[in-house]
Amino acid sequence: MKYVLPLITIIVALIILIDIAAYNYLNTTSQNFNNTIIKIEKDVNNGKWDSAKNKIEKLDKTWNKINSKWAILIEHNEIDEIDITLAKLKSYIYTNNKNFSLAELKTLNEKFKHIPVSEKLILENIL
Amino acid sequence: MLIIFFRTLILYFMVVVVMRIMGKQQIGQLQPYEFVVALMIADLVAVPMQNKGIPLLSGIIPILTLMVSQLFLSYISMKSLRCRSLICGTPAILIKKGKIITSQLQQERYNINDLLEELRVAGYPNIADVEYAILETNGNLSVIPKVTKRPVNPEDLNLSPQYEGLPLPIIIDGQIIEKNIKDANIDLNMLNDQLKMWKVDDIKDVILASLDPNNILTVYKREE
Chain E
1 MKYVLPLITI IVALIILIDI AAYNYLNTTS QNFNNTIIKI EKDVNNGKWD
51 SAKNKIEKLD KTWNKINSKW AILIEHNEID EIDITLAKLK SYIYTNNKNF
101 SLAELKTLNE KFKHIPVSEK LILENIL
Chain G
1 MLIIFFRTLI LYFMVVVVMR IMGKQQIGQL QPYEFVVALM IADLVAVPMQ
51 NKGIPLLSGI IPILTLMVSQ LFLSYISMKS LRCRSLICGT PAILIKKGKI
101 ITSQLQQERY NINDLLEELR VAGYPNIADV EYAILETNGN LSVIPKVTKR
151 PVNPEDLNLS PQYEGLPLPI IIDGQIIEKN IKDANIDLNM LNDQLKMWKV
201 DDIKDVILAS LDPNNILTVY KREE
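So the protein lines, in turn, are chains E and G. Following UniProt numbering, the numbering of the first sequence begins with 1 at its first residue and continues without gaps. Following UniProt numbering, the numbering of the second sequence begins with 1 at its first residue and continues without gaps.
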């Protein structure tokens with residue numbers, strides 16, 4: 001029985017550490033994505049479609065690298081939703097459709113904002 | 001991760017409290033309606049524990065509802081004999097005066113192999129030794145052996161053994177149980193004297209000390 005308390009402490013400490021690290025990781029990566037989205041939004045508003053295309057390609061590549069790591073931490077349907085929105089956004093930008101591009105950019109922005117919030121340890125999320 | 005950790009903790013302690021309120025019977029001894037509640041609670045808890053999308057309340061409310069229903073059914077079955085037989089069923093006599101009642105076996109969907117197995121578990125490998133076998137409402141088989149096959153009692157030998165009361169634990173895990181000292185009507189000096197006889201220097205070395213009705217202390221010390 002001597003090992004019970006240390007074992008409980010180690011497991012709880014491990015869960016807390018993993019949670020803090022996971023939250024920080026999700027927060028910083030989603031902020032980076034949102035910064036890029038804001039830049040793309042400016043390009044779309046100013047009609048700089050080539051620059052917007054380059055940026056969305058970069059964002060897509062980064063997302064493809066990161067989403068497998070996110071899959072460990074968040075629900076998979078949220079990743080699927082981001083995949084779908086990103087695919088729509090790409091096609092709207094490639095067809096120079098300003099209104100739809102802006103709408104999808106906002107949606108993507110909200111989704112990236114929502115993920116760290118949904119993983120944050122607050123009473124609202126527990127209950 | 002910590003969200004799931006806390007949700008699991010909340011639900012776990014809630015189920016422990018609910019189970020404590022619902023009664024002391026073990027899973028194998030549950031009545032059908034209690035068994036159903038235990039199964040449903042296990043299933044209800046698992047989903048909100050892991051799915052953060054579901055509000056915790058939608059897990060808590062059904063558990064509380066089940067607890068209330070279970071308490072209601074157990075209250076009714078306690079108050080009314082007729083309801084008790086409806087809710088819990090009635091015991092079925094499978095062997096009566098040494099004869100197997102096949103109609104009852106069929107009604108309870110109990111085959112001869114099940115009966116023999118349960119009799120063996122109860123310590124009666126030979127069915128001929130059994131006078132009565134009763135299938136209780138919680139699924140246990142009670143066996144009453146023939147008079148010639150039952151164990152001998154002191155009464156059979158015309159013996160009158162001394163009264164045996166309940167031994168009281170006085171020290172558990174190095175801690176004196178004050179309530180039992182009062183019940184046993186002994187003082188601490190007497191306890192210390194008896195502990196000295198057992199060569200106990202520190203009370204913390206005692207894992208269990210129990211006092212029998214003749215005020216004799218038995219001490220079990222911790223391994224060194």
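Bear in mind the hints are in silico, worked out from the structure with no lab data behind them. Accuracy of the hints is not assured; some may be wrong.
To be verified - Here are some chain G residues pointing at chain E (derived, C-beta under 7 Å):
no. : residue
1   : Leu2
2   : Ile186
3   : Tyr220
As the list claims (entries may be wrong) - Footprint (simulated), chain G over chain E, 3 or more residues, beta carbon under 8 Å:
no. : region
4   : 14–21
5   : 114–125
All figures in this text were calculated on a predicted structure; none of them were measured in a lab. All residues carry an ideal CB built from backbone N, CA and C; glycine is no exception.
Outcome of the hint check:
With its C-beta approaching chain E no nearer than about 4 Å, G:Leu2 sits inside the 7 Å limit, and its interface hint holds. A hinted interface residue such as G:Ile186 counts as satisfied when its beta carbon comes closer than 7 Å to some beta carbon of chain E; here the least separation is about 30 Å, so the hint is violated. Violation of the interface hint for G:Tyr220 is found here, the shortest Cβ-Cβ separation to chain E being roughly 17 Å, above the 7 Å cut-off. Here the region 14–21 of chain E counts 4 residues with a CB under 8 Å from a CB of chain G, which clears the bar of 3, and the coverage holds.
Coverage of the region 114–125 of chain E by chain G holds [criterion: at least 3 residues with CB-CB distance below 8 Å; count 4].
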